[in-house]
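Visitor: The chain contents come next:
2 protein chains.
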Amino acid sequence: MPSEAVTSEALLAELKSIVGERYVLTDPVDTGGFLTDHRARYHGSALAVVRPGSTAEVAQLARACAAAGAAIVPQGGNTGLCGGATPLEPRPTIVVRLDRMNRIRAISPAEETVTVEAGCILQAIQGEAAAHGLLFPLSLGAEGSCQIGGNISTNAGGIAVLRYGNMRQLVLGLEVVLADGTVLDGLRRLRKDNAGYDLKQLFIGAEGTLGIVTAAVLKLFPAIRTRSIALMQVASVEDALTLFARARAVFGERISSFEIIGSSYMDFVLHYVAGTVMPFAAKAPWYLLLEAGDSQPDAPLAAAMEGFLAAAFEAGLVSDATIAASLAQEEAIWKLRHGVTGEFKLAGKTMSHDTSVPVAEQPDFVRRVEAGILAAYPDANVMMVGHIGDGNIHVVVLFPHERFATTDEFEAASDAIDVIIDDVAMELGGSITAEHGVGRTYRKRLARTKNPDELALMRQIKTLLDPDNRMNPGKLFLTATET
Amino acid sequence: MPSEAVTSEALLAELKSIVGERYVLTDPVDTGGFLTDHRARYHGSALAVVRPGSTAEVAQLARACAAAGAAIVPQGGNTGLCGGATPLEPRPTIVVRLDRMNRIRAISPAEETVTVEAGCILQAIQGEAAAHGLLFPLSLGAEGSCQIGGNISTNAGGIAVLRYGNMRQLVLGLEVVLADGTVLDGLRRLRKDNAGYDLKQLFIGAEGTLGIVTAAVLKLFPAIRTRSIALMQVASVEDALTLFARARAVFGERISSFEIIGSSYMDFVLHYVAGTVMPFAAKAPWYLLLEAGDSQPDAPLAAAMEGFLAAAFEAGLVSDATIAASLAQEEAIWKLRHGVTGEFKLAGKTMSHDTSVPVAEQPDFVRRVEAGILAAYPDANVMMVGHIGDGNIHVVVLFPHERFATTDEFEAASDAIDVIIDDVAMELGGSITAEHGVGRTYRKRLARTKNPDELALMRQIKTLLDPDNRMNPGKLFLTATET
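Taken in order, these protein sequences are the chains called A and B. Residue 1 is where the first sequence starts when you use the working numbering, and the numbers rise one by one after that. Residue 1 is where the second sequence starts when you use the working numbering, and the numbers rise one by one after that.
Check each hint, because a few of them may be wrong.
[Stated by the list, open to error] Distance ranges between label pairs, derived from CB positions:
#	chain 1	residue 1	chain 2	residue 2	range
1	B	Glu238	A	Leu327	32 to 40 Å
2	A	Gly133	B	Lys345	42 to 50 Å
3	A	Pro467	B	Pro452	52 to 60 Å
4	B	Thr479	A	Arg459	25 to 33 Å
5	A	Ala67	B	Thr479	31 to 39 Å
6	A	Ala10	B	Ala245	38 to 46 Å
7	B	Glu21	A	Arg448	39 to 47 Å
8	B	Leu327	A	Pro297	26 to 34 Å
9	A	Asp423	B	Leu464	28 to 36 Å
Hint data in this document are derived by calculation from the structure and do not stem from the laboratory. Just so you know, even glycine gets a beta-carbon here, dropped at the ideal spot from N, CA and C.
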């Protein structure tokens with residue numbers, strides 16, 4: 001189609017004039033890494049990967065794409081787990097990487113705010129806050145490479161949601177470039193602002209389907225100067241929730257994380273993740289990680305933790321426990337919990353989930369999901385790990401490499417297990433995706449499980465803000481031919 | 001117009017069949033209190049005030065109003081300060097009072113959630129949480145009569161935003177009836193949910209212009225079991241911010257409130273509010289109220305407060321201070337700060353504002369606003385009081401009763417002072433309404449100060465959700481004839 005080729009040529013030339021020739025990547029050697037998702041499940045194509053250097057450039061390139069009818073896929077650190085940043089629709093598409101927009105524009109200790117560009121690496125923001133005696137609490141496995149624009153666009157969760165909330169709760173102001181190139185400047189450093197609808201909420205968690213996040217004002221918090229971390233062995237999820245209530249009574253607002261690790265997940269980690277060591281003599285059905293933190297350097301958390309554990313032993317809720325006595329021990333405990341996505345591939349064929357249910361429904365959720373999967377697939381290894389304080393348990397189903405003869409067989413089993421888990425989650429008032437988002441991966445499940453009135457309103461909002469469906473098309477929603 | 005009269009008759013008959021005859025109020029004796037706003041500045045009219053008993057009834061009456069083309073004005077406790085709940089457009093209108101829907105449907109200490117109907121009085125929710133050893137932190141002057149649906153619809157602020165956030169941060173799930181009667185059921189008890197756009201955010205703070213909030217799931221927190229409250233005399237807003245930073249270093253996450261009272265506001269309170277007593281021998285330019293709280297019953301807050309104040313004296317930041325030594329003294333200190341809206345009328349003609357600016361910009365804001373108003377109106381008494389920890393200082397301008405010969409003169413001065421304050425706020429990156437909302441009162445100011453791109457998107461969202469402009473018309477936006 002020569003006419004389209006000409007159009008594409010013209011668009012590329014215009015993009016080069018906007019951002020500079022060197023920042024319009026078209027050679028597969030340069031673009032390859034940005035056209036495949038983090039888990040290497042999706043492989044897309046694009047006219048170019050463009051790396052703008054400013055909000056003004058993003059606005060200009062958005063206008064150019066609008067005029068040319070080209071789609072835009074915004075991309076941060078490309079660490080998402082649902083294929084949300086990979087261009088997968090068969091149409092002219094530009095991937096917009098925000099990585100050059102990585103300046104921390106301002107930090108105000110007096111206001112406990114930091115103003116950042118979308119391409120800032122999460123860890124750099126954490127570090128900048130720490131250098132000013134403050135805390136930016138968002139923390140997750142990919143923090144060394146994920147970008148804050150992606151964290152905002154996926155409403156990222158992580159290990160400190162219990163205390164500080166999701167990414168959504170950490171955003172004070174937001175700057176967004178809309179599909180038509182309009183810069184929606186909501187970059188306010190305000191703790192309170194009721195002057196009309198809170199438009200930034202539309203773009204947080206929208207996965208780039210409504211606009212491109214270019215900058216944000218984030219909340220900071222007092223740094224944590226005293227910490228106590230314990231790992232416990234417990235018999236059941238019910239006991240874990242009883243311990244959660246007891247920990248609330250002892251530590252109150254000081255609980256930073258309350259995480260659970262199932263026995264088979266612990267076995268997997270100990271086997272596959274280098275440098276992990278079981279700190280207990282025997283095994284247990286479940287392991288709990290409790291972290292308490294206090295902004296005061298002399299807070300008596302260690303004594304409180306000892307008291308908490310002594311009472312828990314006394315009540316028969318804990319069979320064994322260890323308190324980290326050094327930074328190295330703290331890290332060793334967290335290593336047992338932290339991201340092992342890469343290692344899953346070594347172990348076999350896995351299906352990962354990101355379900356949430358109301359906190360009190362988790363014992364039911366765990367029991368029914370495990371029973372349902374094992375009834376259908378008796379050879380499945382059902383591993384569980386997650387943020388029990390948030391009601392967010394990740395179910396990871398593991399099969400031997402050779403279990404499925406074909407990809408179709410694997411996909412069929414994967415779909416069947418999705419339905420088992422989703423049906424339990426829906427009956428318990430849950431969500432099919434707690435923190436990972438929908439992206440490409442969960443679209444069918446969203447269409448199947450989401451309240452039709454909510455899904456209809458979502459589509460209306462999408463159409464309002466992106467009438468030509470050019471912003472990250474083929475994400476969140478099934479496309480016209482699929483529905 | 002007999003045809004409209006017939007239509008209205010038919011609508012009233014249908015509404016009676018939906019909610020029951022006794023809950024459709026048309027006699028002015030019954031409706032009068034609901035057609036005038038809290039400050040008695042607006043007097044409206046309606047076909048009826050309807051008091052539905054369930055979400056299903058709200059949905060039915062919304063459908064009936066849609067069919068009849070009638071407008072709907074949702075109303076909670078009618079304690080708003082901007083006329084947002086008064087029917088003021090010249091068209092057939094139904095006021096929907098949610099007061100009969102006042103059940104606390106469920107409370108879960110294990111989840112720290114409570115599920116409430118929109119008509120629950122805020123104080124009742126606080127009480128239910130306290131009865132379970134928990135805290136619902138929203139706290140404001142009208143808490144004894146305001147309803148949670150109104151708090152949600154106005155994204156209420158109050159005295160604990162610094163620690164717990166606005167109302168928006170306290171909502172986990174929301175049930176809303178849309179203009180066409182659709183029940184948008186988002187009443188989920190989830191801490192994390194990234195399954196699509198977070199639709200509830202649209203309705204929080206929308207002041208009833210996009211739908212009727214009928215129920216919500218709210219977050220609860222550990223109860224505060226140790227508290228320390230101090231009142232300080234300080235020389236300047238700069239010193240107040242220095243003390244804020246020092247308080248953060250000493251108390252960290254334990255600061256619950258950090259409030260400021262200007263000298264002339266303090267004089268006003270001491271003169272007009274019965275039972276208030278100045279706890280100091282001399283006067284000062286500014287007074288600071290610091291409340292720290294801890295969930296642990298034996299937290300050493302009193303010692304920390306003494307140390308904090310001793311260091312502040314030492315540094316010359318505080319000229320005098322008092323620490324509450326009893327519940328009675330705590331209440332006496334808070335009484336100096338708390339709502340005195342009713343008493344303003346005794347003192348003269350007042351113009352109240354609800355501005356926010358970035359926390360660090362407050363010294364500039366206070367200086368420039370005071371100078372600007374006094375330059376234009378040398379006889380004005382410029383009083384200031386507010387949430388300095390949030391950047392939200394209420395400016396109250398007081399004139400003698402006899403100062404303005406006509407209402408027009410008063411309105412002209414009021415408009416001129418609005419412009420003085422708003423211009424300073426905009427230059428400092430602020431908001432014309434931090435926590436009160438827009439309602440009827442602030443529409444012109446919103447239209448004048450809001451970023452046009454944001455205002456345009458707000459209007460698009462309004463049109464999407466309420467194409468016939470029947471949901472609380474004449475609020476937030478200027479009407480077609482006014483623009």
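Visitor: Indicate, hint by hint, whether the structure satisfies it.
Guide: Results for each hint:
1. The supplied range of 32 to 40 Å is met by glutamate 238 (chain B) and leucine 327 (chain A), whose beta-carbon atoms lie about 39 Å from each other.
2. Distance hint check for glycine 133 (chain A) and lysine 345 (chain B): the Cβ-Cβ separation is about 47 Å, which falls inside the suggested range of 42 to 50 Å.
3. Range check, proline 467 (chain A) to proline 452 (chain B): about 20 Å between beta-carbon atoms, so the 52 to 60 Å window is missed.
4. Hint check: threonine 479 (chain B) to arginine 459 (chain A), Cβ distance near 29 Å, so the stated range 25 to 33 Å holds.
5. For the hinted restraint 31 to 39 Å between alanine 67 (chain A) and threonine 479 (chain B), the CB-CB distance of approximately 35 Å keeps it satisfied.
6. Separated by about 55 Å at the C-beta atoms, alanine 10 (chain A) and alanine 245 (chain B) break the suggested range of 38 to 46 Å.
7. The hinted window of 39 to 47 Å between glutamate 21 (chain B) and arginine 448 (chain A) holds, with their beta carbons roughly 44 Å apart.
8. A hinted range of 26 to 34 Å holds for the C-beta pair leucine 327 (chain B) and proline 297 (chain A), which are about 31 Å apart.
9. Distance hint check for aspartate 423 (chain A) and leucine 464 (chain B): the Cβ-Cβ separation is about 32 Å, which falls inside the suggested range of 28 to 36 Å.
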